[in-house]
Amino acid sequence: MNLRIGMGVLGVLSALAALVVVPGYAPKEAETQPASRPNVIFIFSDDHAYQAIGAYGAKLAKTPNIDRIAREGAILHNNVVTNSICGPSRATLLTGKYSHLNGYKVNERKFDIDQPVFPEELQKNGYQTAWVGKMHLGSLPHGFDYLNVLPGQGQYYSPDFINSKGDTVRYPGYVTNVTTKLSLDWLNQRDKSKPFFLVVGHKATHREWLPDIRDLGAYDNVTFPLPASFYDEYENRDAAKNQDMTIDKTMRLKEDLKVHLDYEKRGAYNRFSPEEKKKFYDYYENRVSREFDEKKLSGKALVEWKYQRYMKDYLATANSLDRNIGELLDYLDKTGLAKNTVVVYASDQGFYLGEHGWFDKRFIYEESLKTPFVIRYPGVIKPGTQVHQLVSNIDWAPTVLNLTGTAIPKEIQGESFLPLLKGQKTNWRQEAYYHYYEYPEPHRVSPHIGLRSSQYKLVRFYGPKEYWELYDLKKDPQELRNLYGVKGYDAVTADLKKKLNDQIRKYKDDEALKIVESGE
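The sequence shown begins at 1 in the working numbering and counts up by one.
These aren't lab readings, by the way, just hints derived from the structure by calculation. Any given hint could turn out to be false.
Claimed, not checked - Result set (EDC-like, lysine to aspartate or glutamate): computed pairs, CA atoms no more than 16 Å apart in a straight line:
| no. | residue 1 | residue 2 |
| --- | --- | --- |
| 1 | K514 | E466 |
| 2 | K105 | D509 |
| 3 | K300 | D248 |
| 4 | K506 | E431 |
| 5 | K497 | E517 |
| 6 | K465 | D238 |
| 7 | K497 | D472 |
| 8 | K278 | D215 |
| 9 | K465 | E438 |
| 10 | K265 | E255 |
| 11 | K105 | E431 |
| 12 | K110 | E438 |
| 13 | K105 | E511 |
| 14 | K277 | E233 |
| 15 | K181 | D330 |
| 16 | K498 | E431 |
| 17 | K279 | D333 |
| 18 | K382 | E72 |
| 19 | K334 | E517 |
| 20 | K254 | E233 |
| 21 | K249 | E304 |
| 22 | K487 | D472 |
Just need the whole structure built from these sequences, with the hints factored in.
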C-alpha cells in the first residue's frame, strides 16, 4: 500500500535516481568491472553485541555466517565507537567525523544533508551506491543512487520502506527477510558494468526483540550463565549507579518480554498476518506467560528469569540476521561476485547482555564501546587475520575509500586501516577518544568524555555531577574498580589526562576542551 510522506523527504528523494525493483534474484553471469575497483557490501546491524557472536568467543549464540566472514577474512578485536548510540554511529559512518563536527550528537534528530558524505566520493569514482533497510537519521543524505529505507526505527513485521520514487510501501513478512530481498533485487537490477557500494541496514537486534516466527523458542533449551558483573553494586561509580537501564527495574515484563502483552493496543502486533499472530500468541501467551504465572517469582529469582527471557529473545532475533547474511554470501558465490566484493559486517555499537545488570549501550565501558567488525576481501585480506589495534568507527569511511581506490577527503577525521588488514607495519593510534551526550532520557546515562588505551580507560562525567573514573583493563577487565585518586596511579592519571587533552584538540572538540579545562 502506498502512503503519502512529508514534502521534506520528497524533496530529497526527487534528487535520487529511481530504479525499478523486480522480484526474484536468479543468479546472473559473472561481472566484468575492473578488479582494481572492488564492490563493497556493508552489512550494518543494530545493537548486536560482539559477545553474542561465535567469532568473538560466544559459546551459545549461533552465528555461522558472521563467523564465516571472520574466518575467510579479518576480525577486529578492538573496534570502538566515538559515541555509543544508534543514529550518531550511522552519521559517523557516513562522514568519518565525530558527532560534534557532523552535528548528530543524539538520536531522533535530522542529519544535515548539506554536509559531505563519503558515498559521494564513490560516485565520483564511478560507483553505484545504495542503502537498503534501517538508516535512522531523520533525513535522507545525498550520495546514494538508490534508497529504500525504513522510516525511523522501522517495524519488525509488515515493515514500511521509503523508496527512491518517494513512496512509502508496506511489505508483508519479517523485516530482516524483506531487507535482504530488496537488497538482492537491487543487485540484480543495477548497471553491471559499474562497481557498487551497498549498505544493508538491519533493524535486528534492536529492542523490543521480536524474532522471526521460525525462530521462536530457538534458545528455550539453553540456560545462560549470569555474567560475572550481573550483580554489580556500582561502588564508587555514581553514573553506573544512577542510570535507568537495568534488567531488574527498567526492562518491562509486558512490552520487552511479552508477558501477557496487549495484542490489540500495541501497534507492532497489529502488523501480523493472522497466521503470524496465532503463532506469536501461542508461544508468548501459552508458553512464556504461563510459565511466568506458574513460577510466581520475586527478588533475584525474578531478575534472573527476566535475564533468561531477554537472552532467549535477543539471540532468537539475531538468528534471522545471521541467516540472511548467509543468503547474501550465497548469492555472491552463485553470481561470481564473491571474488571481487568486499563484505563487511558491523553493528552500530555494542550492547549489554546482562553485564553490570544492564541492557542497552551508551556507556564508555567495554561492552558498548566495542562493536563487532569482520571483513572479507579475497586475495587482499588473508583469511584468519586478527587485528588487535584500536580501530574507531571514524576509520570506516576512509578505509572503504582506500579499498576502492577513491580519494579520501581531507576533512575526514579517521584513517584507513587497510595496512592493518594487510598485516603491514604502520604507525597506528595508541588511544581512542569518546564523547557521549544524550541525557537524561531515555536511560539517564550521564554525558561523558573519555580515552581508551590498550591498558587503561580514563573517563570524565560532566552532568549532572562532575567526576572522573579510571580503570586498568588488564587487571580489571569488567571495569568494577574505579582507580581514580587511588594511591600509586597518580602518574598514570596525569599521563592519560594529557593524552585526553591532546585527543580533544586533535579532533577539534571545543565543548569537551572547556570541560577538561574547567578543573576537577
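Here is how each hint holds up against the structure:
| no. | hint | in the structure |
| --- | --- | --- |
| 1 | K514 - E466 | holds, 13 Å |
| 2 | K105 - D509 | holds, 12 Å |
| 3 | K300 - D248 | holds, 9 Å |
| 4 | K506 - E431 | holds, 12 Å |
| 5 | K497 - E517 | holds, 11 Å |
| 6 | K465 - D238 | holds, 9 Å |
| 7 | K497 - D472 | holds, 15 Å |
| 8 | K278 - D215 | holds, 15 Å |
| 9 | K465 - E438 | holds, 15 Å |
| 10 | K265 - E255 | holds, 11 Å |
| 11 | K105 - E431 | violated, 21 Å |
| 12 | K110 - E438 | holds, 15 Å |
| 13 | K105 - E511 | holds, 12 Å |
| 14 | K277 - E233 | violated, 40 Å |
| 15 | K181 - D330 | holds, 13 Å |
| 16 | K498 - E431 | holds, 12 Å |
| 17 | K279 - D333 | violated, 34 Å |
| 18 | K382 - E72 | holds, 8 Å |
| 19 | K334 - E517 | violated, 58 Å |
| 20 | K254 - E233 | violated, 26 Å |
| 21 | K249 - E304 | holds, 12 Å |
| 22 | K487 - D472 | holds, 14 Å |
Violation of the numbered hints given earlier is confined to hints 11, 14, 17, 19, 20; the remaining hints are satisfied by the structure.
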